[in-house]
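Colleague: The listed protein sequences correspond, in order, to chains A and B.
Under our numbering, the first sequence is numbered contiguously, ending at residue 253.
Under our numbering, the second sequence is numbered contiguously, ending at residue 1308.
In short, the hints are calculated from the structure, not lab data.
Be careful, since some hints might not be right.
As the list claims (entries may be wrong) - No farther apart than 27 Å at their CA atoms in a straight line, the calculated lysine-lysine pairs in the DSS-like style are these:
| # | chain 1 | residue 1 | chain 2 | residue 2 |
| --- | --- | --- | --- | --- |
| 1 | B | Lys1109 | B | Lys1170 |
| 2 | A | Lys84 | B | Lys1126 |
| 3 | B | Lys1107 | A | Lys84 |
As the list claims (entries may be wrong) - Pairwise CB distance ranges, derived in the manner of DEER restraints:
| # | chain 1 | residue 1 | chain 2 | residue 2 | range |
| --- | --- | --- | --- | --- | --- |
| 4 | B | Glu1128 | A | Phe225 | 51 to 57 Å |
| 5 | A | Gln166 | B | Arg1073 | 31 to 37 Å |
| 6 | A | Leu21 | B | Val1166 | 41 to 47 Å |
| 7 | B | Ser1301 | A | Gln166 | 44 to 50 Å |
| 8 | A | Leu131 | B | Gly1057 | 26 to 32 Å |
| 9 | A | Phe18 | B | Lys1170 | 39 to 45 Å |
| 10 | B | Ser1122 | A | Leu131 | 56 to 62 Å |
| 11 | A | Phe99 | B | Thr1060 | 50 to 56 Å |
Don't be surprised by glycine CBs; every beta carbon is placed ideally from N, CA and C.
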Amino acid sequence: MNWKAIWAIYASEMTRFFRTLAQSFLSPVLSTSLYFVVFGAAIGSRIDQVDGVSYAAFIVPGLVMLSVITQSITNGAFGIYFPKFVGTIYELLSAPVNFLEVVVGFVGAAATKALFIGVVILATSTFFVDLTVQHPLAMVAFLVLTCLSFALLGFIIGIWAENFEQLQLVPLLIVTPLVFLGGSFYSISMLPPFWQTVTLFNPVVYLISGFRWAFFGVADVPVGFSLLAITGFACICLAAVWWIFRTGWRIRN
Amino acid sequence: MSIVEIENLRKIYAGGFEALKGITLGIEEGEILALLGPNGAGKTTLISTICGITMPGEGTIRVGGHDVVRDFRDARRMIGLVPQEIYLEPFTRVFDTVRFSRGLFGKPKDDAYIEKILRQLSLWDKRESRTQELSGGMKRRVLIAKALAHEPRVLFLDEPTAGVDVELRKDMWDVVAELKSSGVTIILTTHYIEEAEAIADRVGVINGGELLLVEDKDVLMARFGQKELHIEITEPLSEMPAALADRGLRLSEDGRMLSYTFVSTGERTGITALLNDIAQAGLVMCDLRTEESSLEEIFVSLVKEGVV
């Protein structure tokens, strides 16, 4: 492994993140606070407890996942799209690095940024609700796996995208609906039976359910399924990235 | 053994366009090889394929004995590439981007070496500038610094002076000469004959994806270096004056122009004596201009000569 190359890519990506630190930091804090004010305080006060947890606390894992998934994809996609856009990708293609090293560098940085934002949101939420984490290790594992696998998906989108519109397309049209309908703000047991079945085809349900289990010990689907789903998703993305580099799709002539 | 060995390299793009048609070429260590050819000749494809940006079709490429596909890490460690277009991240600082390149090629951090390169390329004062703040010439130097950051033994310069003004072009030639003196093998592409003439040791002529020939510059320039001198005179002549009859001059139909063919790279072009003789013959000259064969004309003549 060319560790120095991985570090060079990682460090350069993180420098970009820290260059706009205020923006990276303030935006999730502000949006999370708004969600808590609207869903937690205004609407939440009229909702009973869900699965024995106050509604304001119940939405915390979903909110964190919502931001982490979006941030992982956006950072993962932008990280590799930008060198394509400005042309500096020539340097990556002519360097003594293989696909794994490029992916570890870019995806590692994108996942770190998303993780950072996830932690910021969690910290912000403690100002609004009393939060206890029943399974801290599982929580960290779910968070890290989600950051990594969705950063990988973002990386694939970044390679596929040929313009900025396409870069926004997948997150906007597919990911946001999946996350919103994946039980971020409700338990799927609240849905009519038919929609409960439909929802089970949404992979994000497994993530949010598993993540929520780590906090409160209650889940919509068995936690083993959740872990399997996220690991399987990461493997599919990794296989896709491997194929992209093997064939040079959209990056090499 | 040549430092770069290319054998029967072919490249067909997805659309069916055959960009390289079986190129075989050896590049010797320490030399400057200029690849001369018009736009679309296959120069950039050749360089891109050696450097790993384009996938090779058939054939083999070895750099320092390492196959660029099977043994890509060792091969690429030896290569530095300066692309034709200016590709730089606009917000990155000069020093940081050069340091990034060194790390990307797996070299340990060595800020003293980066300082040396930046000083050599007159970029040290700009080390804290963002690349978007630099002039075009400076940006090109940053690309060279990035390509040199990992101490390559072979440097590819793809059209280093395309779209660069005359002063900067000379400047770039000085940089190339200095790099050569530090022991780097340099391969550059250009479509300017004078550029090849000014800096190359050997010249390869490429057109339509084929390498028409590779020659020592001096040999090639003697062949390519034919120029026409056109001398306009004030009073039209009806016939060539006897004193100038054996000078190899041609008289235009309107009698106002004398034309003379010479080899510009030769030590004795005969121009001084010719102009003296014209003056002594009592002719008054009002204008002088020279013309050289265009690259296209040279290609046509090369093909006619049956080089390929």
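Colleague: Give a verdict on every hint.
Modeller: Verification of the supplied hints:
no.: 1; hint: B:Lys1109 / B:Lys1170; verdict: violated (32 Å)
no.: 2; hint: A:Lys84 / B:Lys1126; verdict: holds (26 Å)
no.: 3; hint: B:Lys1107 / A:Lys84; verdict: holds (24 Å)
no.: 4; hint: B:Glu1128 / A:Phe225: 51 to 57 Å; verdict: holds (53 Å)
no.: 5; hint: A:Gln166 / B:Arg1073: 31 to 37 Å; verdict: holds (33 Å)
no.: 6; hint: A:Leu21 / B:Val1166: 41 to 47 Å; verdict: holds (45 Å)
no.: 7; hint: B:Ser1301 / A:Gln166: 44 to 50 Å; verdict: holds (49 Å)
no.: 8; hint: A:Leu131 / B:Gly1057: 26 to 32 Å; verdict: violated (59 Å)
no.: 9; hint: A:Phe18 / B:Lys1170: 39 to 45 Å; verdict: holds (41 Å)
no.: 10; hint: B:Ser1122 / A:Leu131: 56 to 62 Å; verdict: holds (58 Å)
no.: 11; hint: A:Phe99 / B:Thr1060: 50 to 56 Å; verdict: violated (22 Å)
Checked against the numbered hints above, the structure breaks hints 1, 8 and 11 and satisfies the rest.
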